[in-house]
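Participant: So you can see what is in the structure, the chains are spelled out below.
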Amino acid sequence: MRLKVAVQFSQVTKKFYRGKRYQPSLVEWLDALFTGKSFDKPKFKALDRVSFEIKKGQVLGFVGSNGAGKSTILKLVMKITYPNSGEVETQGSIAGLLELGTGFHGNLTGRENVYLYGSILGFSRARVREIYDDIVEFAGVEESMESPLKQFSSGMVARLGFAVAIHLNPDILVIDEVLAVGDMSFQEKCMRFMKDYCRDPKHTVLFVSHNVENVKMICDEVIWIEQGRVKKRGKTKTVVEEYIKFQRKREV
Amino acid sequence: MDYSLKNSTVEFWKYKYLVVTFVTRELKSRYRQAKLGIAWAIIQPLFMTLVFTVIFSKFLGVSTGGAPYPVFSYVALAAWTFVARTITAGSTSLIANGTLIKKIYFPREVIPIATAVSAMMDFLIASTVTVVLLFLYRIEIGWQVVLLPLVLLVQMILGISLALVTSAVTIIFRDLEFAFPFLVQLLMYASPVVYSVRNIAEPFKTLLFLNPVTGVIEGYRSILVYQEVPNMMYLLISAGFAVVIFMGAFHVFKRVERYLADVI
Numbered sequence: 018m019r020l021k022v023a024v025q026f027s028q029v030t031k032k033f034y035r036g037k038r039y040q041p042s043l044v045e046w047l048d049a050l051f052t053g054k055s056f057d058k059p060k061f062k063a064l065d066r067v068s069f070e071i072k073k074g075q076v077l078g079f080v081g082s083n084g085a086g087k088s089t090i091l092k093l094v095m096k097i098t099y100p101n102s103g104e105v106e107t108q109g110s111i112a113g114l115l116e117l118g119t120g121f122h123g124n125l126t127g128r129e130n131v132y133l134y135g136s137i138l139g140f141s142r143a144r145v146r147e148i149y150d151d152i153v154e155f156a157g158v159e160e161s162m163e164s165p166l167k168q169f170s171s172g173m174v175a176r177l178g179f180a181v182a183i184h185l186n187p188d189i190l191v192i193d194e195v196l197a198v199g200d201m202s203f204q205e206k207c208m209r210f211m212k213d214y215c216r217d218p219k220h221t222v223l224f225v226s227h228n229v230e231n232v233k234m235i236c237d238e239v240i241w242i243e244q245g246r247v248k249k250r251g252k253t254k255t256v257v258e259e260y261i262k263f264q265r266k267r268e269v
Numbered sequence: 039m040d041y042s043l044k045n046s047t048v049e050f051w052k053y054k055y056l057v058v059t060f061v062t063r064e065l066k067s068r069y070r071q072a073k074l075g076i077a078w079a080i081i082q083p084l085f086m087t088l089v090f091t092v093i094f095s096k097f098l099g100v101s102t103g104g105a106p107y108p109v110f111s112y113v114a115l116a117a118w119t120f121v122a123r124t125i126t127a128g129s130t131s132l133i134a135n136g137t138l139i140k141k142i143y144f145p146r147e148v149i150p151i152a153t154a155v156s157a158m159m160d161f162l163i164a165s166t167v168t169v170v171l172l173f174l175y176r177i178e179i180g181w182q183v184v185l186l187p188l189v190l191l192v193q194m195i196l197g198i199s200l201a202l203v204t205s206a207v208t209i210i211f212r213d214l215e216f217a218f219p220f221l222v223q224l225l226m227y228a229s230p231v232v233y234s235v236r237n238i239a240e241p242f243k244t245l246l247f248l249n250p251v252t253g254v255i256e257g258y259r260s261i262l263v264y265q266e267v268p269n270m271m272y273l274l275i276s277a278g279f280a281v282v283i284f285m286g287a288f289h290v291f292k293r294v295e296r297y298l299a300d301v302i
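Those protein sequence lines, which keep their order, are chains A and B.
When you line the first sequence up against this note's numbering, it's residues 18 to 269, in that order.
When you line the second sequence up against this note's numbering, it's residues 39 to 302, in that order.
FYI, nobody ran anything at the bench for these hints, they're computed from the structure.
Some hints could be false.
What the hints assert, rightly or not - With a Cα cut of at most 20 Å, we get these calculated EDC-like pairs of lysine to aspartate or glutamate:
id : chain 1 : residue 1 : chain 2 : residue 2
1  : A       : K72       : A       : D200
2  : A       : K167      : A       : D188
3  : A       : K262      : A       : E243
4  : A       : K219      : A       : E45
5  : A       : K54       : B       : D40
6  : B       : K54       : A       : E45
7  : B       : K140      : A       : E238
8  : A       : K21       : A       : E129
9  : B       : K54       : A       : E243
10 : B       : K140      : A       : E194
11 : A       : K54       : B       : E295
12 : A       : K72       : A       : D217
13 : A       : K60       : A       : E70
14 : A       : K96       : B       : E49
15 : A       : K58       : B       : E49
16 : A       : K206      : A       : E243
17 : B       : K52       : A       : E163
18 : A       : K249      : A       : D65
19 : A       : K73       : A       : D57
20 : B       : K66       : A       : E147
21 : B       : K52       : A       : E147
22 : A       : K167      : B       : D213
23 : A       : K37       : B       : D213
24 : A       : K96       : B       : D213
25 : A       : K72       : A       : E45
26 : A       : K254      : A       : E230
27 : A       : K21       : A       : E104
28 : A       : K206      : A       : E194
29 : A       : K249      : A       : E230
30 : A       : K96       : B       : E64
31 : B       : K66       : A       : E163
32 : A       : K249      : A       : E238
33 : A       : K72       : A       : E106
Unchecked claim - Chain A residues, not near chain B, derived (Cβ > 12 Å throughout):
id : residue
34 : R38
35 : R66
36 : M173
37 : H227
On a predicted model such as this, the values are computed, not experimentally measured, just so you know.
Ideal Cβ positions, reconstructed from N, Cα and C, are used throughout, including at glycine.
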């Protein structure tokens with residue numbers, strides 16, 4: 018893998034089982050445990066021989082219809098799941114937000130949750146203490162930090178989650194649709210922040226959103242995923258325009 | 039397979055605060071709702087000691103070598119409760135944290151290890167009663183107490199190994215979630231909890247020491263109840279088993295780990 022590359026997918030295929038939870042048989046398990054390969058029986062290909070690379074310092078957007086495979090890509094990048102075939106390589110530390118409020122606990126206060134979430138992302142308490150004020154200030158929820166999280170609005174939870182993740186200062190920041198619930202001013206603040214963040218050549222952002230305006234605002238380049246394959250990759254403007262046309266046609 | 043004990047240990051160490059977080063979260067959530075709170079860590083072994091004293095000491099007259107039966111059994115029960123918890127709570131630990139596993143990356147072994155650590159916290163809380171009982175029965179504390187950390191260490195390695203292995207195999211066979219609580223009950227009678235190895239004849243005595251829990255329980259008993267140096271051979275067997283189970287558990291766990299998000 019070349020030095021300037023942050024993420025590289027080579028011929029990556031990931032199969033899923035649609036519907037209920039996949040229950041492999043003992044034979045399948047033994048095979049998997051000895052060979053290290055993913056379960057091959059599920060038929061649905063969430064990703065089908067996907068290849069691309071993302072350079073360090075890029076803000077790369079992913080667009081595509083629901084179920085196209087965008088989130089699967091992010092899960093593979095974050096090593097939450099592994100491919101059936103092909104290779105996923107990454108360079109540098111990774112932190113991400115795959116879903117709003119994951120790792121948060123409703124009964125704990127905002128402050129306690131910042132520490133909880135920080136430790137899930139690998140922070141020490143001392144480190145969280147150092148950046149605590151910055152986090153709260155960025156999220157703009159100072160006055161609520163001592164009340165239980167279940168009293169927060171979903172927008173406030175999103176703000177807090179995003180603020181913690183970005184202050185971890187990862188090399189690769191992965192964001193999946195979590196900004197959608199924030200209000201406009203916060204979304205713009207995040208967009209500005211991500212732009213800034215990627216001025217540092219070692220920082221890379223992977224951004225999934227159905228809000229094409231946000232994608233247009235921050236991404237240098239866009240990969241359009243459809244039915245588990247890369248349909249198009251290129252300059253944000255051209256790819257997004259084509260994607261919008263495609264979506265409109267599908268509606269009709 | 040791209041894992042090694044060394045790399046995993048280095049990575050785990052980076053996430054040590056997450057273990058602390060999980061442990062505090064578990065202890066808080068477990069006891070916050072309960073009126074008697076943390077006292078439950080004591081009530082359980084204490085109540086069982088009471089029952090065992092009536093049945094095994096008063097009715098059946100199990101010999102303890104002159105030691106008061108309540109102390110004799112409580113010391114064993116505290117350690118046994120720890121082992122039982124690492125097995126039963128360990129087996130459900132990954133499934134219980136499924137949503138987290140599907141959304142965020144962190145070394146997965148943090149989860150079962152945190153389960154073992156919270157069981158250890160319960161054990162330490164329960165051990166305060168041991169001290170009270172020793173005082174009530176006027177049993178003097180010998181110099182042998184300096185050996186306690188040794189037994190505690192073996193117990194901890196054993197507990198972590200059990201939690202690791204039960205959490206991983208339960209992912210493979212979900213039925214084990216229901217089988218373990220039952221197996222634990224059986225296993226208790228294969229461990230010298232209500233009786234002592236002292237009143238077991240060969241060859242069963244040797245057989246009993248093939249159970250890694252035996253060395254730990256008898257270790258505590260020797261030190262606290264009889265003021266003797268524990269039989270080092272037996273403790274060594276326990277330690278050996280603990281390490282072997284640990285290595286096995288580590289490999290099974292690491293291999294199961296990569297499929298967690300797909301099957302939970």
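Participant: Next, verify each hint and record whether it holds.
Facilitator: Hints, verified against the model:
no.: 1; hint: A/K72 - A/D200; result: violated (30 Å)
no.: 2; hint: A/K167 - A/D188; result: violated (31 Å)
no.: 3; hint: A/K262 - A/E243; result: holds (14 Å)
no.: 4; hint: A/K219 - A/E45; result: violated (40 Å)
no.: 5; hint: A/K54 - B/D40; result: holds (12 Å)
no.: 6; hint: B/K54 - A/E45; result: violated (34 Å)
no.: 7; hint: B/K140 - A/E238; result: violated (28 Å)
no.: 8; hint: A/K21 - A/E129; result: violated (38 Å)
no.: 9; hint: B/K54 - A/E243; result: violated (40 Å)
no.: 10; hint: B/K140 - A/E194; result: holds (16 Å)
no.: 11; hint: A/K54 - B/E295; result: holds (12 Å)
no.: 12; hint: A/K72 - A/D217; result: holds (12 Å)
no.: 13; hint: A/K60 - A/E70; result: violated (26 Å)
no.: 14; hint: A/K96 - B/E49; result: holds (14 Å)
no.: 15; hint: A/K58 - B/E49; result: violated (32 Å)
no.: 16; hint: A/K206 - A/E243; result: violated (30 Å)
no.: 17; hint: B/K52 - A/E163; result: violated (28 Å)
no.: 18; hint: A/K249 - A/D65; result: holds (14 Å)
no.: 19; hint: A/K73 - A/D57; result: violated (33 Å)
no.: 20; hint: B/K66 - A/E147; result: violated (25 Å)
no.: 21; hint: B/K52 - A/E147; result: holds (18 Å)
no.: 22; hint: A/K167 - B/D213; result: violated (34 Å)
no.: 23; hint: A/K37 - B/D213; result: holds (17 Å)
no.: 24; hint: A/K96 - B/D213; result: violated (28 Å)
no.: 25; hint: A/K72 - A/E45; result: violated (37 Å)
no.: 26; hint: A/K254 - A/E230; result: holds (10 Å)
no.: 27; hint: A/K21 - A/E104; result: holds (18 Å)
no.: 28; hint: A/K206 - A/E194; result: holds (15 Å)
no.: 29; hint: A/K249 - A/E230; result: holds (18 Å)
no.: 30; hint: A/K96 - B/E64; result: violated (26 Å)
no.: 31; hint: B/K66 - A/E163; result: holds (18 Å)
no.: 32; hint: A/K249 - A/E238; result: holds (11 Å)
no.: 33; hint: A/K72 - A/E106; result: holds (12 Å)
no.: 34; hint: R38; result: violated (7 Å)
no.: 35; hint: R66; result: holds (19 Å)
no.: 36; hint: M173; result: holds (19 Å)
no.: 37; hint: H227; result: holds (19 Å)
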